[in-house]
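Peer 1: This is what each chain is made of:
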Amino acid sequence: MRFVLVLASVVLTLALHGQARSWPVAVSVFNTSTAVPYTRFFTTPVHPGIQAGTEYDHRARARSRLFQSAYLNYFYHGHLAQGIGLGTELGYEHRVWRGLVAETRLGLGYTHTFTTAEEFTFANGRYERKGDRGNARFTPSFSLDLGWYLRPGDRNAPKLFLRYQSWVEYPYSPDFIPVMTHINLHLGVRFIIQRKGGDA
Amino acid sequence: MRRTVLWLACALVLGACRKGEDIPAAFYDCAFSHTDSSATNPAGGAYQAVLDGMVSGGVVGVTMSVYHPGSGMWTGAAGMADLHNGVPMKACNISRMGSTVKTFTATTVMMLAEDGLFDLDDRIAAYLSGDVIDRIENADRATIRQLLQHSSGIYNYIQSTAFQTASLNDLVREWEPYDLLAYAYGKNAYFEPGTDVRYSNTGYIMLGLLIEQVTGKPFARVFEERIFQPLGLTMTRFAGADPVPDGIVRGYVDLYSNLQVIESTYYSGWDYHTADGGLISNPYDMSVFLRALLSGGLINAASLAEMLTWRTESAPDPEFFPIAYGLGIFKVETPEGTAYMHSGDAIGYYANMLYFPDDGTTVVYAVNSNYGRIDALVSTREALARILAGTR
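Quick note, the sequences are listed as chains V and F, same order. If you read the first sequence in the working numbering, its first letter stands for residue 25, the second for the next number, and so on. If you read the second sequence in the working numbering, its first letter stands for residue 46, the second for the next number, and so on.
For the record, the hints were derived by calculation from the structure and aren't laboratory data. Warning: the hint list may mix true and false statements.
[Said to hold, decoys possible] To be clear about the criterion: a stretch of chain V counts as covered by chain F if any three or more of its residues have a C-beta under 8 Å from a C-beta of chain F, and this derived list gives those stretches:
no.: 1; stretch: 47-60
no.: 2; stretch: 74-83
no.: 3; stretch: 136-148
no.: 4; stretch: 193-199
Backbone N, C-alpha and C define an ideal beta-carbon position, used for all residues, glycine too.
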């Protein structure tokens, strides 16, 4: 619980910090899967997800920046689970050529998952329908991105990105499947919301 | 605004939960006539107590048959066949029997060998070709006998993490034999053929292909013609043509090890079309089959002796009773004596069949729930010891 509160405060701090000047917003849709990372790129069937987040630059130079991100997301993995997650990532972006950038992110998150099917709980010697309180998961992640700034050289220009995110779900099933590995393939856009008088 | 977003998020999560299928209780009625001594069996109360004990620990439902030559056949059930519709389990209900089919596969192979269609010591490569032989290490040298006895060293595709995650990613997919064999392509063999034993589903998929190659028929039809019909196994079938037939009990998984189960009836698509799983039956029929096989009613004495020729693995599983590998059957040293057995898993189902050669006692049980904490009630050494202590 303490971990979730700390994470939530990081997300909130970054959001408020962004709002004080200008607010980078990253929105993506993604396809999630249970898979061994780097053995598959695009998987079927599609299990959809959506993510929204913000970023804060620790250090920005002409060709690179080191930043912190914070995000909220939701996914629906058919027949298996749906989850609401929040997390933060330490990211490094490097401009490769014109508007083309490569990026890597190391993240830590929390996801609360719920079954997508009717659940029966064993209590008092029999199975009963009970409300699904869900399952708590730590969700560390590692991502590789390719992005394209629509106006090369302008850090505030909208950026389209494709993100290959590998992540693990822990604990998954104690004494049975301790850790579950996943891939999220994101397609998204990052843009800046300028506040009046903001200095971006 | 924020409150609206919160409510929308809650509605999304709650609304995305599928309810169970509404099924009338009559769906689970059995068109099944047989005679047994369940009503008069003096040990019936003790057997029923075993089943009730499993259910009181968290098993959703269980059926069982216990045969003693002196007292005949007892069948019983406990728990639920369908939680959503509140339907109790009946002893006649059919369930997924998973890998117990390997004993049927092996029996069929022995029959075909008796017919002279091949020799058990022929290499499988004499009958199969292509990627199955070229891309699976040891497949070019392994014999039919080695595939039957799990001594080929061929990699078990089910051990592939890539397969396991792919299976979870598409739980309702129906896998074809070559889709599954592909997960063994390029994998290192466990050992040189014939030098050790280690369980391999891959070998039994290849044996299914062998049956089809030499008979020109789907292997499931060969099972039907050579085993199901002659023995009158009216409640037994292979999943392929009708994976979720009328009357099959719902399956449940404790995926997160917390005794919170979800239905998984449609999630065993990896064994619908291959000879390493996919059997659907009930404990009565399974008992009839096992006793017929081991009393010489299906294959000749020489073939049976070959099936019951044992090998032990160099690194035994310390978590289970001492076990030896025959051809499609195992010999296990239980606290209640030596038994010939084969068990099987599907997603949401588990079954086990045991025959005690000292007195012919035959115990078969099938449960419609597994994984997580339920496995400790049905398939571990301790679980088996408890079940056998109450049925021997």
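Peer 1: State for each hint whether it applies.
Peer 2: Going down the list of hints, with the structure as the test:
{"no.": "1", "hint": "47-60", "in the structure": "holds (count 4)"}
{"no.": "2", "hint": "74-83", "in the structure": "violated (count 0)"}
{"no.": "3", "hint": "136-148", "in the structure": "holds (count 9)"}
{"no.": "4", "hint": "193-199", "in the structure": "holds (count 4)"}
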